[in-house]
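Protein chains: 2
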Amino acid sequence: MAQNDTVKLLGSKSSPFSLRARVALHLKSVKYEYLEEPDVLKAKSELLLKSNPIYKKVPVLIHGDISICESLSIVQYVDEAWPSEPTILPSLPKDRAAARFWAQYVDDKCFESVDAVAGAKDDEGRMAAAGKLMECLVTVEDVFQKNSKGLGFFGGENIGYLDIACAAILGPVSVIEVFSGVKFLRQETTPGLIQWAERFRAHEAVKPYMPTVEEFVALAKQKFSVQ
Amino acid sequence: MAQNDTVKLLGSKSSPFSLRARVALHLKSVKYEYLEEPDVLKAKSELLLKSNPIYKKVPVLIHGDISICESLSIVQYVDEAWPSEPTILPSLPKDRAAARFWAQYVDDKCFESVDAVAGAKDDEGRMAAAGKLMECLVTVEDVFQKNSKGLGFFGGENIGYLDIACAAILGPVSVIEVFSGVKFLRQETTPGLIQWAERFRAHEAVKPYMPTVEEFVALAKQKFSVQ
Numbered sequence: 001m002a003q004n005d006t007v008k009l010l011g012s013k014s015s016p017f018s019l020r021a022r023v024a025l026h027l028k029s030v031k032y033e034y035l036e037e038p039d040v041l042k043a044k045s046e047l048l049l050k051s052n053p054i055y056k057k058v059p060v061l062i063h064g065d066i067s068i069c070e071s072l073s074i075v076q077y078v079d080e081a082w083p084s085e086p087t088i089l090p091s092l093p094k095d096r097a098a099a100r101f102w103a104q105y106v107d108d109k110c111f112e113s114v115d116a117v118a119g120a121k122d123d124e125g126r127m128a129a130a131g132k133l134m135e136c137l138v139t140v141e142d143v144f145q146k147n148s149k150g151l152g153f154f155g156g157e158n159i160g161y162l163d164i165a166c167a168a169i170l171g172p173v174s175v176i177e178v179f180s181g182v183k184f185l186r187q188e189t190t191p192g193l194i195q196w197a198e199r200f201r202a203h204e205a206v207k208p209y210m211p212t213v214e215e216f217v218a219l220a221k222q223k224f225s226v227q
Numbered sequence: 001m002a003q004n005d006t007v008k009l010l011g012s013k014s015s016p017f018s019l020r021a022r023v024a025l026h027l028k029s030v031k032y033e034y035l036e037e038p039d040v041l042k043a044k045s046e047l048l049l050k051s052n053p054i055y056k057k058v059p060v061l062i063h064g065d066i067s068i069c070e071s072l073s074i075v076q077y078v079d080e081a082w083p084s085e086p087t088i089l090p091s092l093p094k095d096r097a098a099a100r101f102w103a104q105y106v107d108d109k110c111f112e113s114v115d116a117v118a119g120a121k122d123d124e125g126r127m128a129a130a131g132k133l134m135e136c137l138v139t140v141e142d143v144f145q146k147n148s149k150g151l152g153f154f155g156g157e158n159i160g161y162l163d164i165a166c167a168a169i170l171g172p173v174s175v176i177e178v179f180s181g182v183k184f185l186r187q188e189t190t191p192g193l194i195q196w197a198e199r200f201r202a203h204e205a206v207k208p209y210m211p212t213v214e215e216f217v218a219l220a221k222q223k224f225s226v227q
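Protein sequence lines, in the order shown, are assigned to chains A and B. Its first residue numbered 1, the first sequence is counted upward by one per residue in the UniProt record's numbering. Its first residue numbered 1, the second sequence is counted upward by one per residue in the UniProt record's numbering.
Hints listed in this document are in silico derivations from the structure and should not be mistaken for laboratory results. Where hints are given, some of them may not hold.
Have a look at the derived ranges for each label pair, beta carbon to beta carbon [to be verified]:
no., chain 1, residue 1, chain 2, residue 2, range
1, A, 56, B, 6, 18 to 28 Å
2, A, 150, B, 66, 19 to 29 Å
3, A, 87, B, 66, 29 to 39 Å
4, B, 150, A, 6, 24 to 34 Å
5, B, 116, A, 49, 20 to 30 Å
A virtual CB, placed ideally from N, CA and C, is assigned to each residue, including glycine.
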């Protein structure tokens, strides 16, 4: 029996995590079929329930007969399953460990703060959460300044694992900036991240698939039925 | 300047996550100095604060001038930095992705349930949390049955990444079994895990460093000052 090597990505335009998987696939020039999950918050497709029965969340990469879930795992899988250049994870074990650590920091601390700002019950709670989010972004700025060495991306001159991980925060941060009227990415505190975000958005493996700020806001309004 | 290649592990006997790092180092026959963090819940050592300023938690692997934090990252780092046999992560990308997925499941879902049982405010809450923990363990049993192919460990005949990840749950489960009087690992529901746990504990890279059930209970009593 011939091996089934078809690649499908089950994602959602409004999911910042789906973006990670798409960027990884495009960086590696992997041909795949993109399947937009109709409405991730309401009815879930049979394919999603079958391919990610534990979390029932996008993105899911379906490669032949196997399903890979969780966006950071998908990025690592893509890097390993298609080992041709460019590599996504750094080559040195210490750099790989650092990239994994900060990627996890984005998912734990940054997204926790984003959710806290978005879900705050009152102004006091919102201010406290906003302060924590700013602290997180300043920490990420510091990581960027120490590691990019003026070359543009977190690991140097090419997009890598930590760029892909951090990029997921850009959409949600844009959205809460618009809704809260608070600027989180500021020249005074995160000048490196502002330039990095522009560079990332403009990259050929990203530009066609990453929503603009306006599209992110429109998707968020649609998702939460805010008129 | 000669590269500083000394290896130190900052850990705690009562931390199930420290155990992961120790097992990985012993599997790879890495010589290291073990530094017991005196009291992880109270005063933290200067070395811990300096080497893990973000989370301030053990384990931390200090290799020369760099610090690696988070137990699963440490295990991956050890596998990559000392690439000699035995390998800890599986060799195929699909198996690596599956091992990472289930390791994360242990850290998210299993530990969430353990914490919910331990922190339940009343019997009703405790019963609900206990039910969820049992569901999690049955899911892990299912993963074990499908992957071990009767060879003893999650990835076959040798201890690997998922064994090390899952082993962290054994101590906490033993402790809440003693405190709650409820048996979570049962012959009827998790026969594979019961045999696997015995096999894991008896392994030469584990036995000298893994507390017995009695020692886990004594450490927990000491930690929470339960007399």
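Just tell me: holds or violated, for the beta carbon distance of residue 150 of chain B and residue 6 of chain A against 24 to 34 Å?
holds (32 Å)
Residue 66 of chain B and residue 87 of chain A - C-beta distance against the hinted 29 to 39 Å:
violated (20 Å)
Does 20 to 30 Å hold as the CB distance between residue 116 of chain B and residue 49 of chain A, or does it fail?
Cβ of residue 116 of chain B to Cβ of residue 49 of chain A: about 25 Å, so the range 20 to 30 Å holds.
Residue 150 of chain A and residue 66 of chain B, beta-carbon distance inside 19 to 29 Å?
holds (22 Å)
Between residue 56 of chain A and residue 6 of chain B, is the Cβ distance one that fits in 18 to 28 Å?
violated (46 Å)
Violated hints, in rising order: 1, 3; the structure is consistent with all others.
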